[in-house]
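Assemble chains B and C onto chain A, guided by the hints.
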Amino acid sequence: MYFAKEVLESSSKMRKRWEDEVKKLVSKWADQKPEAQWSTVSDLPIKRLYTPDDIKDMEFERDISYPGQYPYTRGNQVTGYRGKYWTFRMFSGMGDAATTNARWHMLLKEGQTGLSTAFDFPTLMGYDTDSPKARGECGKCGVAIDTLEDFLVLTKGVPLDKITTSMTINPPATALWAMYCAAAEIQGIPLSKIGGTIQNDMLKEFIAQKTLMCPPEPSVKLISDTVEFGTLHVPRWNTISISGYHIREAGSTAVQELAFTLRDGMEYVEDVLRRKKLDVDTFAPRLSFFFNSHIDFFEEICKMRAARRIWAKAMTERYKSKDERSWWMRFHTQTAGCSLTAQQPYNNVVRTATEALAAVLGGTQSLHTNSLDEVWCLPSDFAVQIALRTQQLIAEETGAANTIDPLAGSYFVEALTNEMEKQAWEYIHKIDDMGGMVAAIEKGFPQLEISDAAYKFQRQIDSGEKIMVGVNKYVSTEKESIPFLEIDDKIENEQIERLQAVRRKRDGKAAVKCLNDLKAACKKGENVMPYCIEAVKALCSVQEICDVYREVYGEYRDPGLY
Amino acid sequence: MADRKLRVMVAKPGLDGHDRGARVLARCFRDAGYEVIYTGCHQTPEQIVSAVVQEDVDLLGLSCLSGAHRYLYPAVTKLLKDKGVDDVTVIGGGIIPEQDFQLMYDAGLKAIFVPGATLESIITWINTNVKPRN
Amino acid sequence: MEITKKIQGGDIRAASRLIRNLEDRIPEAKTTIKHLFPLTGRAHVIGITGSPGAGKSTLTDGLIDCFRKKGKTVGVLAVDPTSPFTGGAILGDRIRMQRHAEDPGVFVRSLATRGALGGLAKAVGDAIHVMDVLGKDIVIVETVGTGQQEVDIINHSHTVLVVLVPGMGDEIQAIKAGILEIADIFVVNKADREGSSKLSRELMAMLDMAPPSAFQGGWRPPIMKVENAFEPTGFQSALEGISDKIDEHYKHLVDKDIIGSRMRRKAVVELNEAIRASILEPVLLKLLGSGQMEGLIEKVMKKEIDPYTVAEDIAKRYLEGCL
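Chains as they are written, first to last, in the working numbering: chain A, 1 to 562; chain B, 563 to 696; chain C, 697 to 1019.
If you're looking for bench data, these hints aren't it; they were derived computationally from the structure.
Please note: incorrect hints may appear among the correct ones.
Okay, derived cross-link-like pairs now, BS3-like style, lysine-lysine, Cα gap no bigger than 25 Å in a straight line [as the list claims (entries may be wrong)]:
no. : chain 1 : residue 1 : chain 2 : residue 2
1   : C       : Lys726    : C       : Lys941
2   : A       : Lys490    : A       : Lys505
3   : C       : Lys726    : B       : Lys693
4   : C       : Lys726    : B       : Lys567
5   : B       : Lys645    : C       : Lys701
Chain A on its own, in the form it takes in the complex (with noise of 0.2 Å):
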């Protein structure tokens, strides 16, 4: 019982008294919308007021807790922002490696304290810059990596052991994790001392990003792969990144996105104890998150503090794990893209403000922000500086960063953050009775689920049910232009010239030795990291290695459910 009697019965009269207040003024005048409307942008129905009665049945220690106690309600982290602020990682990447580079050093010196890399469309899907299908594509979302040269001179004057990188790739993610563990030791750097993320997430690819390669069963594969690796040589690092950012942006609603994200987790750990045999606290501690924050303050708040409850309860009761470094849920967020508008775009920094804000008060280890100049482009040096100030104002001005999980205790907080663990769990258990996450994928829930919601909000905008100003409210006839980041398209040429004189110099019959020896491995089941090291040292393409996987496993056909 976490209010005493007196409080609760106090409570109950005076709640009263307001009802019938309330009562009788909207009687006079009626609210602004109907109540079915006060929503969070996800629908999830809130109240005009929150009280003691709504949070009666929690218990202190069991529900909310302490910092770095179970069940993490509050946080990971003992000494919160004052030991450590959340790290500043910007996720870009443009054109080719020498220019992505020059962005990486800029957002450095203007004071990121961690980098994330954004590849370009042909290296997310394992092509080469000069294959039919990459045409058009080189450099246009991301930067173009096809060997390790390009690697070498993304990563140039960047101390690999004094920073962080994250990677935002998929299929390919072995051949960039490769790349990036050949590029340290290339700088003297042993692979005990490199720390950073690879996304490495497949099943939110079937369910959302659909950068696809091969089927659901050895995409799991080769992530047990990292994660085996990373657990015996590369401790530092984060082997997944278990995503709800995408889910999000094709459309879920909030709790969708906490539940099919925790459960595509809950997927990761049953497969790695049932493929790899290892103890379950050996890799858990390095299964890291990656979160949306979207436009609606406080269901992002709650969200985030739901999710580090299930995941505690999920460790320790599904899987019994014993050390608390695998209960914590550690996170990345960024900002919501989808939340974005093309209309009176400088309205974004303020979308983009107040999302990083309920980021830091969900207790982000780790925050995106997007640009302003998003919806249109790349982002340009003066909106990525504005995105990256962002970050450093709420850190440094506003105080959010003083105090440790502010808004706990809160009604109407503990009351959101209660509700969304249910619906989660109602979500996750409902994947547990179709047998699992890609028993539900193959049966097209989760796609469906999130096809539907996008449609429905979709429909709301329309409506004008749901307002976004500038688009559906507050419209201006007059068009705001900004000036936009364009891409040149002649990289494109240039790339590929780079490729093909990489294919030349390279000893090629060492090139192909490694990828006959990657593909014997895969056949047999090995872990292909060590293979892939060796293939890209011998400068082979991310293509070439993908294709040993498309080979060895097949194509991943899409069931095309929509």
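Same frame as chain A, but now just chains B and C:
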């Protein structure tokens, strides 16, 4: 009793897999009374044009959020022209900066819908500008 | 006729355009079909039916591979339901077969049911003729499988595949709905799911109970299992088994001289459809156009007259030429 329905296709050329918009549009077009075919992601211009011919559509909507529209959209319209398909209206959407609009129009696109376009505005445009082929 | 020549020459655009006109019931299209009709009869028509979610499109996609490997050209008519509320339709089968888009030997055409009046069977039946004259060796008709119309379409086929999935809960109903009579091959899809053995056993028991006369020429429908589609090798080899069985069935029809009776069944259906269309549509149009229909509806609503008497009267007047 002739019941001429508008047949439309939504296609995603190139490697971009962000298909939220395409899926929402597919449902929207169904609700507007059209017969809609969605090709799925990762289509080459050749695959798209072949599908357009096989399905005898009146309208082709292209969606690309990776920035590769500068190459891909004109590639599709050129291929349509080469195959002698001159009676399909082509429109486009996605992440398309304003300075690229003219390039798209020059390539033969009749309209571009960027983020923020309402479903209603798209349907109104289509109903006004595209008729079931005669 | 020019269109006929184009279609005989393999012109996909002309063929698709003609199918469009057939769907839209353009009178000129009917004339064209009259010209095409004598040229038909070469293609092996395969009907695939089963509940939504049974995985028909994925199977069709795999079967296309098998037939192409055997050097055969393939046409696919993929039918999806029209929304009764909006009149629109999501034609969602092509997405699963789109990887064949550049293969000139494959022609996939999506059609919507467009609702009522049995018009579906007619349009699809005619579309099969178009595919046939186009030169497709195999024509696969993939339907939604939820109604009598679909059974009619299936009657246009030489070989009928009925696709069932364990755990969908409706397989027994589908069997009761007369599907047994039309199935030449049962496919238990997603057979790695729970309930697969039970489903196979139930099918087997049902076939055991059928009188021998139910099996034309002694063909007892085999029950073929297909497991996880995400495991490419196993899936493709199961499909090769099915495509071989399909070929075997066609050979059986020819050898046992049953093909004649299938052709007869098809002719009966086509004739019924054509007569129905030729009579029912103009009659309804006349009644609607002359305003008679409204009055009749009112009377039936008020129970002043029953619909059967109305119909008899209309038929009499029609036959006497004084509608």
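Consistency of the hints with the structure:
{"no.": "1", "hint": "C:Lys726 - C:Lys941", "in the structure": "violated, 35 Å"}
{"no.": "2", "hint": "A:Lys490 - A:Lys505", "in the structure": "holds, 23 Å"}
{"no.": "3", "hint": "C:Lys726 - B:Lys693", "in the structure": "holds, 22 Å"}
{"no.": "4", "hint": "C:Lys726 - B:Lys567", "in the structure": "holds, 18 Å"}
{"no.": "5", "hint": "B:Lys645 - C:Lys701", "in the structure": "holds, 19 Å"}
Of the hints listed earlier, the one the structure fails to meet is number 1.
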